[in-house]
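The task is simple: from the sequences and hints, build the whole structure.
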Amino acid sequence: MTPSDLTELESSLLAEIAAADSLEKLEAVRVSVLGRKGKITEQMKGLSSLEPSARKTLGQILNQIKDRLTKAIKTQQISLEATELKNRISGETSDVTLPPRPRKIGHIHPISQVMEECVEIFGEMGFLVAEGPDIEDDFHNFTALNIPPEHPARQMHDTFYLPENDEGSRLVLRTHTSPVQIRTMENNSPPIRIIAPGRTYRSDSDATHTPMFHQVEALVIDETTHMGHLKGCIIDFCRAFFGIPDLPVRFRPSHFPFTEPSMEVDIGCIRADGELKIGNFGEGADNWLEIMGSGMVHPKVLEYGGIDSNKYQGFAFGMGIDRLAMLKYGIPDLRTFFDTDLRWLSHYGFVPLGVPSMIRGL
Amino acid sequence: MKFTLGWLKDHLETEASLAKIVETLIRIGLEVDKVEDPGSKLDPFITAQVTDVQKHPDADRLKICKVDTGSEQVQVVCGAPNARVGMIGVFAPAGSWIPGLDFKLKAAEIRGVKSNGMLVSEREMELSDNHEGIIELPEETIIGKPFASILGIDDPIIDIELTPNRPDCTGVRGIARDLAAAGLGRLKPSINSEPIEGTYDSPFSWSITSDDNACSYVVGRHFKGITNRPSPKWLQNRLNAIGLRPISALVDITNYIAIDLGRPLHVFDSNKLNNKTLTMRRAKSKEPFFALIDKHYKLDESKTVIGDGDKVAALAGVMGGMDSSCLPETTEVFLEVALFDPVQVATTGRAMQIESDARYRFERGVDPQSAEWGAEAAAHMILNICGGEASKKVSAGSPLDASRLIELRPDRVKTLGGIEVAIEEQIEILEKLGFSINKGTKILVSPPTWRPDIHGEADLVEEITRIIGFEKIIPISLAREQALPSVTISPRQKRYGIARRTLAAEGLEETVTWSFMGSQHADIFGGVDESLYLSNPISSDLDVLRPSIIPNLVLAAGRNMDRGLQNFGLFELGPAYQDATPEGQLLVATGIRQGNIENRNWSNSSREVDAIDAKGDALATLEAAEAPIKSLKIVTNDIPEYYHPGRSASFRLGNNILAWFGELHPSVLQKLDISSPLVGFEVFLDRIPIKKKRKTARPPLKLSPLQAVYRDLAFIFDEDYAADNMIAIALSVDDDLIENVRLFDVYTGKGIEKGKKSLAIEVMLQPRKETLTEEQIDDIIQKIVLAITNKTGGVLRS
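First to last, the sequence lines map onto chains E and Z. Using the numbering used here, the letters of the first sequence correspond one by one to residues 130 to 491. Using the numbering used here, the letters of the second sequence correspond one by one to residues 128 to 925.
These are calculated hints, taken from the structure and not from any lab test.
Within a straight-line C-alpha distance of at most 30 Å, the following computed DSS-like cross-link-like pairs (lysine-lysine) qualify:
#1 Lys569/Z - Lys429/E
#2 Lys190/Z - Lys241/Z
#3 Lys566/Z - Lys429/E
#4 Lys541/Z - Lys440/E
#5 Lys566/Z - Lys440/E
#6 Lys599/Z - Lys406/E
In this text, all values refer to a predicted model and were calculated from it rather than measured experimentally.
What follows is the structure, given as C-alpha cells:
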C-alpha cells in the first residue's frame, strides 16, 4: 500500500470508530482494526516483506496511524461509557424523604450533668472530689458538725433513722453532704480543698421537697483562708456555673451550727410573668434568690475533725444540685427529677458526648 | 417575728426610711421575710367634713354636697341618706381605687352636676357589709387625715425570719438595738423598767422542786383591785397588726411584753388557784392538763409543769392552763416570770406539738436578767391599764450564771473576717450591741446576758463583720498552688463517668430513682437486711434502702408503659445497699430494656430485646470501666432469683462477680403488674480492679503484610450447648495463626434434627511470615474440626 492508501484506510477506520454507538460495536471495530487479524495488524505484518528503506518509511506512518486509531477508540470508549452510565442512572431514584433508620441515643440526667459541671469548675480552683457513705453515724452527721442532740434537725420529722443497733445508737441517712467534711478532715491533713457531691435525705415530701435530693459541699482548710476567699470562691463559682460574668452575688449573715461566721448567699434575679431569670438586671433591681449556705468552719468542727483550730481555719459551703439544675436549665418541678418519665429524661437530659468542660464551655 | 415600724420606733430613734430599715435588717442578718403595708391600699382616702348640702335639681334622692378635705373644697354628688352639713366622713378623690366596688373613681357629671369624688360607705371600703349610708366619724376627728391612720392600720408590718441563735431579737427592742449598732439611729432608753415597790406582801409564793425540772428561777407578783377591761386602742392595733387577736387587757399585756421585749409572762387568776404556793415540778405520769387552747393533754415525767397542788396550772414555758385563765371578771392575778431550760421547753413543745409565742422565746433562751425586769415591766403596764395595786415580788431559785470572758485579738477580724477594722471601731460596735469590754494587755469581751449564742472569738468576728457589712469584705479568688489544675477525680470516679456516658450512648436513658423502695417489693426481690429498714419512712412504699436498683427501674418501666411508651432502655448509676456499713454500699450501674431494640420503622430492622442485649450492655459497661474483658468468665449458676434461670448469667473475674445480666424472671414481673418481658443488667463497678500504675503506652501494633484467609465451618450440637465453648476450643488450636473466630449463624429448624442446633463460624487465619499453601490451610482447618468434634461431641455439618 502506498502512503495515500494508508491515509484512506485510516479515514475509513476512523469513520467506523465514530460510527460505533455501543461499547460492543466499538469492541468489534477495535478487533477488526487492531486485533490479531485486524486491518492495521495485517499491514504491520506486511512490512517485513518490504525493502529496508520502504519498510522504515511505511513503518513510521503505520505506527502513527495505529497510535491515532488507538486514541480514537479510547476516546470513543470514554464517551460511550459516559453515555451508558448516564442512561443507567437516569432510571435510578431513592425516596430521600424517607426518615433515617432509627439510631437510638440515651441522655445524661441533669443531676449528673450539673455534678460534672461543678467538678469542672471547682477542679480548676484546685479542689479534689471526696466521697462518703449515704448511711452515716450520728457523730459524722450531727455531733462533729456541732449540732447538739436537741437540735430540731435531729428530730424524726427531719431525719431518716435506721433501727437502733446493739450499742443503742442509731444510724441515719445523711441529711447533708457535710459529714464528708469530717471524714476528709479525719483522714487528711491541711491544706485541704475538697468538694463532695452526693445524695442526701430528709424526711420531707411536698411540692418543693423530695425525701432524697443532691448537694455539693465544699471545704477549704489551711492557715490563712478567710471570708474574703470564701466570697471570691463562691462568686467565681456562681458566675462560671451560670455563665453570667457580671452576676450579682450577695452575702447575708445567717446562722448554721457548723460555721462561724455564717452567711447565706443570694444571686441576682428577676421574676416576671411567672418566670424566674438569673442575671444582672442593673442597679436597683433588688431581687435576690438564695442559693446556698456558707461560712467559716466552726473551731469546734475543726477540733472534731482532728484539726488544730488555733493553727488552721477555712471555709465550707453547701448547695442543692437539683436546685442549681432547675435554675440553670429552667426545670420547673423538683419532683419530676425522680419520676423517670422517658419524655422528661430525653427533653431535659444531655447528649452523652456533651461532657462539661471549662475550656470548651459548660 | 412580726412587728410594725411604729413599734420599732418606740425603741429606735431614727430618720431612716422603711426601705432603708428593711435593707439594713437583711444586711445585718435579720432576714426580712415580708413587708406589708395594709394601709397603703387606703392611701387616697382622707377624713373630710360636709360643709353644705343642696338637693339635686334633677334627681330626688341625690344631694349636692360641698366637702372640706382640709386642703380644698370639693363638690360631690351623693345619694346617702345620712349626708348632712357638719358630719365628718371619708372622702375618696377622683382617681382613687374603690376596693369594695372594684373600680377607679372618675370625675363625672351626674345628671348635669359635676362630682369630683365620693363619700364612701363601709362596704365601699371593704370594712363591712354596711351600705346603709356613708361612714360617719366622731365629731372631734381632724379633717384631712389619712383614713388608714384613723383605722390604726397605717403602720407597715415587718416579718423577720429569725435564725435560732438570736433570742434577743424575739423582742422588738433587740431588733432596735441591732439597727442602732448598724448606724441606723439611737436606741432609746428602756421604758417601764423603773422598779415598782409593791404595796403589800404577795399572798402567793413560788417553790421549785429539786427534781431536775426545767425551771431555774422564777419571780412572781400579785395584783389586786384590777379591772380586766379591753385593752386600749393603741395596744389592740399593735396586736391586730401582727396577727394576734386582742382578748383582754391582762392577756394582751403579757402578749405585748413577749413581742416588745422578748419576755414571755403568764398571769393566773389567783381566785381560781387552790393553793397559795405554786410549784415548779415535773409532771406525773398521765397527769391531765387542760390547756388554754381548749385542748386536753396527758403528760409524763419528762415535762415540767407549774403545779397548783395536784392540779397542773400551766405547762412550763409552753402554755397556760384553762382553769386559772384570766377572764373579764378577773380582779386579782398572780404573775409568773420564769427562767426555763431552752432544751426542755423545745422538747416538750415539740412532743406535744404546741406552737406558742412563749415556746418560741424560751426555746431560744430568754435573758436571765429578764425575770427581774420582766416583773417590773408587767407591773407598769398592768397598773396603767387595769388599775389596782401590785404586791412586793416573790421568787424561788436563782438565775444560772452564764457570764464569760472571751479574748478578742485585734487582728482576728482581719485574719478570719478578711477585712481591716480599727480596734476602736470593733469595740464601739460590740459596745453598741451591749457587750462589755475590758481593755488591758488583752481585750477581754463579756457578752450581754441576752446573747447566749456568743461563745468564742469567731462569734465576735461575726458580730463585728456583720455590723460593718459583709459587702465590704473584698472577694479574693482562690489561688492554685501550681499553674495547671491537678487531676480532680479519682480513677474510680473517672470510671463512673465513662460508664455512665457509655450506657447513654448505647441508647439507654439515665434516670435517678430513690435510694429507697418498698419492703413489699424488696421481698419479691429476695428481701433486705433488717438493718436497712427505716425507722421513720415517709410511706410504706419507701420504707427500706434498696438492695438492688433493678426493682426501681422495673417499676419505672411499668409507669412508662402505662403512659403508652414502648421500646426503651433505662439505666441508673447509683448506690445499692447490702447492709448499713459503709462497705455495704455498692455503686452499681444498672439498666433494663423493654420491647423492641428499635421503634417500628420502614426498614423492618427491629426485633425483640433479649438477654444477649443485656449482656451487650453489661459488657460495654465493663469495657468502659476497664475490666479485663478477656479474663472474664460467664457463669450461669450464681445469679439472683429475680433473673430468668435459663436466660441469665454472671460475668466473673476469678471468684469475683463483676456483673449480672439476663431476662428478668416472669413471675417477678407478674407480681409487679408488668405485662411485658424485660431484660436487665447490674455491673458492680467498684469490684473491677484498678491498675496501680497507669501506663500510657499501648502494646505495639503488629500488622502482617500478608493477606488473611477466611474459612467457614458449621457444626451440629445439642440445643443446650454453649457456643462460647466451641469458639474457645477453635481459638486454642493455634494461638499464632488463628486471629479470630466469629460465630455468624445459629440455626434450628428445617434440615436439623429436633433438639439439635447448627452453629456456624468463620475462622480467620493470619499468616505472619509467608503465604499459606492450600495444604497448610486444610491442615489447620482439619485440626479445628477434630478439636471441636472430639471435645464437644459436635458433628461437622456437611
